[in-house]
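Listed below are the residues making up each chain.
Protein chains: 2
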Amino acid sequence: MYVVGIDLGGTFFKVGLVDTESGEILRKVEWETRVAEGKEKVVKRMAQAVLEVSNGEDYIGVGIGSPGSIDHDNGIVRFSPNFPDWINFNLGGTLSKLLNKPVFVENDANAFVLGEKWFGAGKGHEHIVALTLGTGVGGGVISHGKLITGKDGIGTELGHVIVEPNGPQCGCGNYGCLEAIASATAIRRMALEGQKKFPESEIFSAEEINAKAVFDAARNGDLLGQMIAERVVNALAIGVANFIHIFNPSIVVIGGGVSRAGNILFAPLREKVRHLVMPSFKDTYTIVQSPLVENAGILGAASIVLQNL
Amino acid sequence: MYVVGIDLGGTFFKVGLVDTESGEILRKVEWETRVAEGKEKVVKRMAQAVLEVSNGEDYIGVGIGSPGSIDHDNGIVRFSPNFPDWINFNLGGTLSKLLNKPVFVENDANAFVLGEKWFGAGKGHEHIVALTLGTGVGGGVISHGKLITGKDGIGTELGHVIVEPNGPQCGCGNYGCLEAIASATAIRRMALEGQKKFPESEIFSAEEINAKAVFDAARNGDLLGQMIAERVVNALAIGVANFIHIFNPSIVVIGGGVSRAGNILFAPLREKVRHLVMPSFKDTYTIVQSPLVENAGILGAASIVLQNL
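For the protein sequence lines, the chains are A and B, in the order given.
Residues in the first sequence are numbered consecutively from 1, following full-length UniProt numbering.
Residues in the second sequence are numbered consecutively from 1, following full-length UniProt numbering.
None of these hints come from the bench; they were simulated from the model.
Don't be surprised by glycine CBs; every beta carbon is placed ideally from N, CA and C.
Where hints are given, some of them may not hold.
[Claimed, not checked] 25 Å max Cα-Cα, derived DSS-like pairs, lysine-lysine: (1) 282/A - 272/A; (2) 39/A - 123/A; (3) 123/A - 146/A; (4) 28/B - 272/A; (5) 151/A - 272/B; (6) 123/B - 97/B; (7) 44/A - 101/A; (8) 101/B - 44/B; (9) 146/B - 123/A; (10) 28/B - 146/A; (11) 146/A - 44/B; (12) 282/A - 44/B; (13) 101/B - 146/A; (14) 123/B - 282/B; (15) 151/B - 123/A.
[Said to hold, decoys possible] Cβ-to-Cβ under 10 Å is the rule here; a few derived chain A residues that face chain B: (16) 20; (17) 23; (18) 242.
[Claimed, not checked] Across the chosen pairs, the derived CB separations fall in these ranges: (19) 34/A - 69/B: 24 to 32 Å; (20) 286/A - 199/B: 49 to 57 Å; (21) 267/B - 100/A: 34 to 42 Å.
Whenever a hint applies, use it, and build me the whole structure from the sequences.
So this is what it looks like as structure tokens:
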């Protein structure tokens, strides 16, 4: 059985034909989104991309993971910072008409946790907390087998849980959100803030000053790198312990670019969370790095179809 | 239609016959629990109390709200700090045999949110976050109409979400849990800590040094009272904003002894939460004081039956 997953971003969208049995992506394309050309044209190009990857193969439906606030029952993008003029835009209906197939739309962080449930580390789990550490920090939760979305479909904003009151300001305006410390953007910001005090840190001899450079430096014993890594781990540990106390999940999956730091992030994170959770929660959960890596977007989007049909 | 609710505490248990239409408690008794006499005797006395309040009236079942970790599918008390020897005790089955009626057991904080849904401020709501500010801070969440309990039934420990890292130590061992600042116990502790610096605070001329004395003093412009009240409000505001971002509820209900402070607590809390939530969450929720007051326990327990049948 095949489904199509569309990972919709502000700059590019990726479309893949997914074999639901094996979780393999048989064909995929990555096209420019070209938001400026208007939403109707964007959707038309998405339809063309679907035809290209399906290439005559039958598929049961299309899932779209989109940034922003999504009315998933009706496939509507309420609003999205990435698509300023997509206000209450019937993305699902518009694409469905062009393809004559069912189309489901979900917030991209929710798509991520669905992807983990159907194809990733969350297989067989009914209680999953998922975090994506990228430009921002996204969150998705499956509880008792179902996606938690809240009254208006805007819940599980796990990146905006406050973990360091009076901490750095977040894009949302608050201080000390998880996103303000553990996102790729925040890690880069903390590196630049440290440059005056640590001009010789090896972070600044990296090709690009980013999360990878920070964790690489930390791994080599660079002091600034280690200080930033520790702060990220502490913030994540408080967040993850909170989520464990709230959702009592069997697994916490962490993905996104920052998660590729691997063990230098996950080893101390696991240790700190173990100290923070109450005795009754010990050994009730595992914390894992997302195995889906660069396919997380397409597989997550494809999972929306499986969760709905 | 009638149900019986049992609010089980370490010192007393309350039993009430509840009219499910009106939410009225027709008859109620409060008996000593006498844990030391052994669990079989406690349950026997609970059965006697049920017979006394039902008084020949037919009822469809019994709900028990119990502190501790509850296996609600099987009516089992896994463990409870209040009943040290009740390890994996089949409380529901034991009482059910004596009464020949279905008996359902749930954690008391979960019973509280169910009580709000069926009889209180949460009527007609499918997304409810509830907090009880008492000796500890308990939490219960209804999301998409269903109780969130997690994989092992131990979730929604909202009182142990960290809102002030490096804050006061909590009974659980962590620092800065909501419970370590916003529980009645914590408020009393902060008052006593302030006594050296503010010996003339009117808190210390109250009959009892407790949350009521602190909020009464704050209301009269007492500086220590105001400082403690502000800290409690700040901690609660961070917690409640986090829960709104996580669950996107339509209502947040706050009960327990501390909530009786009323407006001096709720007015600044509403204002601060309004500042903390992201624009998309503005006007999606209300924050209310539990209307059930001293009947919350029995009505919550009775609701467990309604939620299960």
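Inset, instruction - Given the range 34 to 42 Å, decide if the beta-carbon distance of residue 267/B to residue 100/A lies inside it. - result: Given about 55 Å between the Cβ atoms, the range is violated.
Inset, instruction - Starting from residue 151/A, check that the Cα of residue 272/B is at most 25 Å away, please. - result: Measuring from Cα to Cα gives roughly 22 Å; hence the hint holds.
Inset, instruction - Sort out whether residue 44/B lies within 25 Å of residue 101/B, counting only the CA atoms. - result: Within the cut-off at roughly 14 Å; holds.
Inset, instruction - Starting from residue 28/B, check that the Cα of residue 272/A is at most 25 Å away, please. - result: violated (47 Å)
Legend entry - Distance restraint between residue 146/B and residue 123/A, which requires alpha-carbon spacing of 25 Å or less: holds (23 Å)
Inset, instruction - Below or equal to 25 Å on CA atoms is what counts here, so check residue 123/A against residue 146/A. - result: Between residue 123/A and residue 146/A the Cα gap is close to 13 Å, so the pair holds against 25 Å.
Inset, instruction - Would you check the hint for residue 282/A and residue 272/A, treating anything up to 25 Å between C-alpha atoms as holding? - result: Holds, because 12 Å separates the two Cα atoms, which is no more than 25 Å.
Legend entry - Proposed proximity, residue 97/B with residue 123/B (alpha carbon, max 25 Å): Roughly 32 Å separates the two Cα atoms, so the pair is violated.
Legend entry - Agreement of residue 28/B and residue 146/A with the hint, judged by alpha carbon distance not exceeding 25 Å: Violated, at roughly 39 Å.
Legend entry - Pairwise hint evaluation, residue 282/B against residue 123/B, where the allowed Cα distance is 25 Å at most: Answer holds: residue 123/B to residue 282/B is near 21 Å, not above 25 Å.
Legend entry - Given hint residue 123/A paired with residue 39/A - CA-CA distance at most 25 Å: violated (35 Å)
Inset, instruction - Mind checking the CB of residue 20/A against every CB in chain B and telling me if the closest is under 10 Å? - result: Where the cut-off is 10 Å and the nearest Cβ of chain B is about 25 Å from residue 20/A, the hint is violated.
The structure does not agree with the numbered hints 2, 4, 6, 10, 11, 12, 13, 16, 17, 19 and 21 stated previously, though it agrees with the rest.
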